[in-house]
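Single-letter residue listing:
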Amino acid sequence: MSGEVTHKEAAMTGHEPHMDPATAREAATLGIWTFLATEVLLFGGLFTAYVIFRIKYPRMFYEDHLMLDRVLGAVNTIVLIGSSLTVALGISAIRKGKVRLLRMYLSFTILLAATFLGIKYLEYTEKFSHGLSPGTDIFFSLYFMLTGLHGIHVLAGMVVLGAVLYLAGKGKYSESYHTPVEISGLYWHFVDLVWIYLFPLLYLVG
Amino acid sequence: MRETMWSGERPLNGNASPRGYLEEKGFWAWAYTLDHKRIGVMYLYTTLFFFLVGGVFALLIRIKLMFPGQHIFTNQTYNVMFTMHGALMIFLFIIPAIPSGLGNFFIPLQIGARDVAFPRLNLMSYWVFVAGIVVILFSLVRPMDTGWTFYTPYSARTSADVTVLSFGIFLIGMSSILTGLNFLVTIHKLRAPGMTWHRMPLFIWSMYATSIIQVLATPVVGITFLLLAMERVLGVGFFDPAKGGDPILFQHFFWFYSHPVVYVMILPAMGIISEVIPVFSRKPIFGYKAIAYSSVAIALFGFFVWGHHMFVTGMSGTAAIIFSLLTYSVAIPTAIKVFNWLATMYRGSITFESPMLYALTFIFLFVVGGLTGMYLGALGADIHVHDTYFIVAHFHYTMVGGTVMGLLAGLHFWFPKMTGRMLGEKMARPAWLLMFIGFNVTFFTQFILGFEGMPRRYAEYPAQYQALNIVSTVGSWVLATGVLIMFANFVRGLFRGAPAPPNPWKALSLDWQTGSPPPTENFREIPTVTDWPYGYAGRQT
Numbered sequence: 001m002s003g004e005v006t007h008k009e010a011a012m013t014g015h016e017p018h019m020d021p022a023t024a025r026e027a028a029t030l031g032i033w034t035f036l037a038t039e040v041l042l043f044g045g046l047f048t049a050y051v052i053f054r055i056k057y058p059r060m061f062y063e064d065h066l067m068l069d070r071v072l073g074a075v076n077t078i079v080l081i082g083s084s085l086t087v088a089l090g091i092s093a094i095r096k097g098k099v100r101l102l103r104m105y106l107s108f109t110i111l112l113a114a115t116f117l118g119i120k121y122l123e124y125t126e127k128f129s130h131g132l133s134p135g136t137d138i139f140f141s142l143y144f145m146l147t148g149l150h151g152i153h154v155l156a157g158m159v160v161l162g163a164v165l166y167l168a169g170k171g172k173y174s175e176s177y178h179t180p181v182e183i184s185g186l187y188w189h190f191v192d193l194v195w196i197y198l199f200p201l202l203y204l205v206g
Numbered sequence: 207m208r209e210t211m212w213s214g215e216r217p218l219n220g221n222a223s224p225r226g227y228l229e230e231k232g233f234w235a236w237a238y239t240l241d242h243k244r245i246g247v248m249y250l251y252t253t254l255f256f257f258l259v260g261g262v263f264a265l266l267i268r269i270k271l272m273f274p275g276q277h278i279f280t281n282q283t284y285n286v287m288f289t290m291h292g293a294l295m296i297f298l299f300i301i302p303a304i305p306s307g308l309g310n311f312f313i314p315l316q317i318g319a320r321d322v323a324f325p326r327l328n329l330m331s332y333w334v335f336v337a338g339i340v341v342i343l344f345s346l347v348r349p350m351d352t353g354w355t356f357y358t359p360y361s362a363r364t365s366a367d368v369t370v371l372s373f374g375i376f377l378i379g380m381s382s383i384l385t386g387l388n389f390l391v392t393i394h395k396l397r398a399p400g401m402t403w404h405r406m407p408l409f410i411w412s413m414y415a416t417s418i419i420q421v422l423a424t425p426v427v428g429i430t431f432l433l434l435a436m437e438r439v440l441g442v443g444f445f446d447p448a449k450g451g452d453p454i455l456f457q458h459f460f461w462f463y464s465h466p467v468v469y470v471m472i473l474p475a476m477g478i479i480s481e482v483i484p485v486f487s488r489k490p491i492f493g494y495k496a497i498a499y500s501s502v503a504i505a506l507f508g509f510f511v512w513g514h515h516m517f518v519t520g521m522s523g524t525a526a527i528i529f530s531l532l533t534y535s536v537a538i539p540t541a542i543k544v545f546n547w548l549a550t551m552y553r554g555s556i557t558f559e560s561p562m563l564y565a566l567t568f569i570f571l572f573v574v575g576g577l578t579g580m581y582l583g584a585l586g587a588d589i590h591v592h593d594t595y596f597i598v599a600h601f602h603y604t605m606v607g608g609t610v611m612g613l614l615a616g617l618h619f620w621f622p623k624m625t626g627r628m629l630g631e632k633m634a635r636p637a638w639l640l641m642f643i644g645f646n647v648t649f650f651t652q653f654i655l656g657f658e659g660m661p662r663r664y665a666e667y668p669a670q671y672q673a674l675n676i677v678s679t680v681g682s683w684v685l686a687t688g689v690l691i692m693f694a695n696f697v698r699g700l701f702r703g704a705p706a707p708p709n710p711w712k713a714l715s716l717d718w719q720t721g722s723p724p725p726t727e728n729f730r731e732i733p734t735v736t737d738w739p740y741g742y743a744g745r746q747t
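Sequences listed follow chains A and B, in order. The opening residue of the first sequence carries number 1 in the numbering used here; numbering runs sequentially from there. The opening residue of the second sequence carries number 207 in the numbering used here; numbering runs sequentially from there.
Derived by calculation from the structure, the hints in this document are not laboratory data. Careful: at least some of the hints might be erroneous.
Said to hold, decoys possible - As a list, the in silico BS3-like pairs of lysine-lysine whose alpha-carbon atoms are at most 27 Å apart:
hint	chain 1	residue 1	chain 2	residue 2
1	A	Lys96	A	Lys170
2	B	Lys632	A	Lys120
3	B	Lys449	A	Lys56
4	B	Lys449	A	Lys172
5	B	Lys712	B	Lys632
6	A	Lys56	A	Lys127
7	B	Lys712	B	Lys495
8	A	Lys98	A	Lys170
9	A	Lys127	B	Lys449
Using the sequences plus the hints, can you model the full thing?
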């Protein structure tokens with residue numbers, strides 16, 4: 001999705017570059033925002049289901065949510081907000097051309113993402129051991145679908161950030177060109193933002 | 207008056223070979239191509255193939271329906287047939303054909319760009335589409351029998367492979383989102399210098415509106431099918447009353463996508479009509495801004511009318527009245543387009559080449575389809591004809607009479623540009639006539655059947671409906687003959703057609719100012735646009 005890549009493709013296929021770098025950056029930015037809009041609607045379906053069923057079954061939501069581990073949920077919230085901070089620091093580093101600093105911050109971000117998934121794994125196994133599964137009732141259907149879909153996004157984010165880290169190591173990014181860093185950072189903030197909604201909706205009912 | 211929309215006198219096609227973008231040959235040159243034109247062509251071949259497959263299912267359904275009882279094949283086979291007809295036609299043909307096929311080919315050409323904004327994403331979108339097709343084929347092991355709407359609770363319980371098919375459609379949806387995203391960005395960022403929003407061809411406006419819907423509605427059906435699959439695999443209970451869920455919720459989710467998506471089907475066709483009518487009337491399009499904004503209006507209104515699919519499945523009276531009113535409001539921008547097309551033709555120097563024949567057919571049939579849609583938006587009338595053949599007739603008038611006729615207008619219009627060869631009018635006209643007659647015989651009878659109360663989707667029906675069913679089936683044979691002749695003409699045109707000049711129809715938009723077929727880079731020099739593309743000044747002799 002980046003301008004740089006597009007130019008490479010152009011060279012490979014005998015196309016002239018079909019966008020100047022400034023247009024390519026604007027296009028990538030508009031592209032990622034549009035993509036995030038589709039993501040909002042993807043989660044939107046589940047959030048709609050949440051609203052409908054919470055109104056319908058307030059008791060179930062209250063009683064079930066007590067079975068979730070608030071402490072682990074809160075720790076995970078802090079972990080993920082921390083990862084948003086490191087990715088933002090990484091972007092501000094590459095804006096000043098500091099590639100090594102970018103790589104450090106990206107590594108931290110990926111590490112925090114892995115921590116998040118690790119804690120999530122602990123929570124899931126704990127739930128399963130108590131016989132709580134997506135089929136238990138509506139609340140747990142929502143819990144597993146929402147956190148599961150979010151978890152897949154965290155995993156996808158790790159892959160994307162990993163690719164950016166790898167390319168940063170090959171010296172692809174600089175003060176003047178770092179669009180992929182910016183747009184993958186935006187995606188990561190989105191993943192973080194979803195969790196900021198999920199945590200109170202699922203762990204802090206009532 | 208000088209008929210041109212760009213500055214300078216030079217032709218824009220450069221010194222490409224006469225075969226233009228088609229020059230490089232071989233499987234890999236196509237499979238790995240980043241050229242929007244080649245990707246568009248691959249989409250066209252794929253979608254037209256499924257048009258024929260879906261058509262075969264339709265013919266088989268019609269043959270069975272010649273007889274009231276259980277004949278020819280079992281009722282279960284019938285259920286599979288009409289499900290496959292619906293699902294293939296909708297997801298693999300009518301949604302992607304114009305946007306991903308003709309849109310891919312002509313958006314960059316019409317806005318004066320060398321390619322779409324993200325060529326690699328474009329190629330990926332095609333291969334995701336193919337992956338979706340492969341997954342859908344796997345689901346044929348235990349073929350679907352739910353109808354294309356997948357309504358729960360049946361779809362959650364049937365032994366058919368709903369899970370696999372849901373995943374396939376999820377992939378098709380993903381491809382659709384990527385294409386829409388690509389087009390939105392392309393139209394925003396890659397217009398040639400001087401091409402302001404109000405100088406864009408109306409096909410671009412309609413593709414812009416289409417892309418908005420693809421991007422905003424498709425994720426919702428994605429999550430819906432995901433939840434349906436999870437209901438079957440993990441026992442998630444959102445749509446299952448036994449677990450406190452609600453099957454009506456599935457319908458809301460489903461139609462929140464599937465109503466807007468009918469505008470994904472029709473808007474691009476309307477865009478094609480807006481291109482064809484002025485060219486063959488040699489007159490400036492009437493009401494440019496009204497047509498342009500009505501596309502966007504349809505896209506936006508379209509998000510708030512889904513409830514009209516559910517008037518009889520459980521909805522409060524107030525909600526039904528609101529949805530009914532909103533449904534009526536969609537008719538306004540649609541009517542604006544039709545009136546403006548008619549005003550464009552008024553006192554024009556009209557000629558009736560095949561693209562124009564299909565465009566006029568579109569207007570005629572789509573008006574029938576649109577107005578019968580008003581019957582269905584009206585609460586009282588809808589309850590009478592809901593789930594009867596009236597609905598089947600209505601949406602075939604909009605989808606075949608509208609979208610397919612628009613697509614065929616586009617294919618006949620742009621065939622010389624895409625292939626570098628002319629299509630023979632001698633075969634094109636009888637093909638059109640047979641299709642026109644066959645279509646009306648097939649589907650007009652179904653309006654009557656619906657009013658008389660014949661329910662849709664049932665494999666068997668009371669003997670009193672047989673006469674009209676036989677008429678309808680015979681009509682389907684006439685229609686199929688027309689389609690076959692048309693395809694034969696396409697094949698003949700591909701191999702034997704006379705070489706096409708760059709601009710056989712003397713059209714003004716940029717796509718016609720480059721070679722036929724266009725060179726890989728589209729234009730030797732990106733033109734500077736100085737005017738809109740509709741400055742036709744009558745017929746020049």
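Taking the hints in turn, this is what the structure says about them:
1. A:Lys96 x A:Lys170: holds, 18 Å
2. B:Lys632 x A:Lys120: Violated: lysine 632 of chain B and lysine 120 of chain A sit about 68 Å apart, past 27 Å.
3. B:Lys449 x A:Lys56: holds, 13 Å
4. B:Lys449 x A:Lys172: Between lysine 449 of chain B and lysine 172 of chain A the Cα gap is close to 53 Å, so the pair fails against 27 Å, i.e. violated.
5. B:Lys712 x B:Lys632: Since the Cα atoms of lysine 712 of chain B and lysine 632 of chain B sit roughly 21 Å apart, the hinted pair holds (cutoff 27 Å).
6. A:Lys56 x A:Lys127: holds, 24 Å
7. B:Lys712 x B:Lys495: holds, 23 Å
8. A:Lys98 x A:Lys170: Holds: lysine 98 of chain A and lysine 170 of chain A sit about 14 Å apart, inside 27 Å.
9. A:Lys127 x B:Lys449: holds, 19 Å
In terms of the numbered hints stated before, the structure departs from hints 2, 4, listed from lowest to highest.
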